[in-house]
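Chemist: Model the full assembly from the supplied sequences, consistent with the hints where possible.
There are 2 protein chains.
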Amino acid sequence: MKPKEITIYDLALKLNLSPATVSRGLKDHPAIKKTTKKKIFDLAKELGYRSNNFASNLRRQRTNTLGIIVPRLNSHFMSTAIAGIESVVNKEGYNLIISQSQESAIKEAANAATMFNNRVDGLLVSLAYDTKTIEHFEPFFKKHIPLLFFDRVIEHENCTKIFIDNRKAAYDATLHLIEQGCKRIAHITAMQKRNVYVDRMRGYQEALQDGGLEYDDDLVIINNLSQEAGAAAAETLLEMDELPDGIFVANDNCAIGCMQTLMEAGVNIPGDVAFVGFNNDPVSTVIQPNLTTINYPGYQMGELAAQNLINHLNGTATIEMTNSIIMRSDLIVRASSKRLPE
Amino acid sequence: MKPKEITIYDLALKLNLSPATVSRGLKDHPAIKKTTKKKIFDLAKELGYRSNNFASNLRRQRTNTLGIIVPRLNSHFMSTAIAGIESVVNKEGYNLIISQSQESAIKEAANAATMFNNRVDGLLVSLAYDTKTIEHFEPFFKKHIPLLFFDRVIEHENCTKIFIDNRKAAYDATLHLIEQGCKRIAHITAMQKRNVYVDRMRGYQEALQDGGLEYDDDLVIINNLSQEAGAAAAETLLEMDELPDGIFVANDNCAIGCMQTLMEAGVNIPGDVAFVGFNNDPVSTVIQPNLTTINYPGYQMGELAAQNLINHLNGTATIEMTNSIIMRSDLIVRASSKRLPE
DNA sequence: GTGAAAGCGCTAACAT
DNA sequence: ATGTTAGCGCTTTCAC
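Chains V and C supply the protein sequences, listed in that same order.
Per the numbering used here, the first sequence starts with residue 1, numbered consecutively.
Per the numbering used here, the second sequence starts with residue 1, numbered consecutively.
Hints listed in this document are in silico derivations from the structure and should not be mistaken for laboratory results.
Cβ coordinates follow ideal geometry from the N, Cα and C atoms, glycine included.
Any given hint could be a false lead.
[Stated by the list, open to error] For the chain V half of the interface with chain C, some residues (derived, Cβ under 7 Å), not all of them:
{"#": "1", "residue": "Ser51"}
{"#": "2", "residue": "Leu58"}
{"#": "3", "residue": "Thr322"}
Modeler: Structure below.
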């Protein structure tokens, strides 16, 4: 039934060459004559030869495969970042195995173990929401398998991290609201478990301080940052004695849920409440008024992360010395926060 | 530098056993004494042994890996479908290698070759926009490696396809516009290269016919269905002598670009022009008025596709006999198309 | 119940 | 420019 697999030995035999030459020819080794190569390729094609990666991996002791673990695949930011990663990985001839932690530390650990047993050459990780320690990555450190965190990162001596300056972005966002005349600025964010949320909170607080405003615990709402949670947050706000006049939300989806509910309740945006989100998600230009937000290079972050890891693996560059790569992010001012004439 | 990998030989040596016994013990082979097994496991753990999948795969001629090729990773639908696939694949103990064709047939062929060389046990494919033939999958058919298409499918005797009834969905969408009193209904779609667009066009045409309306070539706009293309389509429409009074767009993003531009030009939606999109993308509930659209089970489609393939591989079920699985889709009526009192 | 031995298909150091 | 050779780590048939 199953036609037998063709190997380099079959090719070698038929061409009166050694397997070594065939192997080299197939790899486009410079030391092989053009004509020989051509003969090899032609026969390979004719017989339907395909290289056996397992044999090759076994022999070379590397797998040419990178692993990636993300909280979820189906968010705009993540799928964009992964697209960037894939484009580089594919170009460089590596494979990619992907898994999602579903924001659970336990699943993240299980995924890490799978990646480890599959002997990935390197691992790209964006941490799950509730991951506290990273001891589940210890086996990688022990074996000197490079691990690179992106976006949701954690400090570790062995790892490079790629992310944006969340503190500064949040600072800019909040300061912008202050400049637009807001005096009572709320912040909607997630539990302070990950760098991204901690840093955004810090930036928010620092901007308040520098802008001469009091930080007020009551103006901070913690939720899961979903669109629905944003709507719920709006209800909470509406029950306050006094609405905030500006809100900095740690992601666009949640901001939009909140805006919609407020607007339905008759609140004017940005007149009564000005909004700034985070991520520059496509929805931010669909909502009316368009949402001011922090633009955040997902695709490029993915590319950069993958390229760094691969350069390190290929010996072209090393990430041993690189601790952090901080990418640029920008405040994009749109109608949701514009309260002053330009 | 690198601590050496522990192999079954290391274990065998230390335990005064043969590698064969260790291999059997690790695999829980019945012929091995309980106590021996325990000794093996304990030492394996102690030394941090991990089985080498490549050697094992090489020997066993099987990989426990599925491949997946999609047009792009960063669309809402695709990332959702992939999330569904991943959840099943992970649960079943398979690995997943992912690549994107970037809508190019050439890249798709290259990706297919990579998957083939990686000896995936099965392949899940959603076709690139400009793929015409599927001869690049021939090697899989020849080797009886199961191939399953989802969403963007093509007819082939050896493959199962999972998709929705695009014709019917489009028919319903268009008929809905007719029921809302539209007389001049435009259709914005992509070039007629893929089943999804061909079928949606057919449904559109059939609904026109059944609704007693003339099909008019001039009311069909072909573009790449991006949001920008939608905006451009709006410009085209605005230059017509008479605007259409209803538009069925083959995806939500494009619909939204078109709506925004029309509204900026003072067109009332749905009063002057009613809109129906396709996909139920998150933006469809953000745009004002909310977009009527076709809801379309991405996550479940992914799960179903992966489960089918794996059941086939495990021998639990066979897909040989299954030609097509058609999933349910629904018209979700929202404000963008409501012209009649309820 | 355990061992010996023969590969799976490829690569790379070392020849020539 | 090409060949020889010795494995990579595992599984499995056949012995004992």
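Chemist: A separate judgement is required for each hint: does it hold in the structure or not?
Modeler: Status of each hint after checking the structure:
Given the 7 Å rule on beta carbons, the hint for Ser51/V holds: about 5 Å separates it from the nearest Cβ of chain C. Using the Cβ-Cβ criterion of 7 Å, the hint placing Leu58/V at the interface with chain C is satisfied: the shortest such distance is roughly 4 Å. With 7 Å as the threshold, the beta carbon of Thr322/V stays out of range of chain C, its nearest partner Cβ sitting at about 19 Å, so the hint is violated.
Of the numbered hints listed earlier, the single one contradicted by the structure is hint 3.
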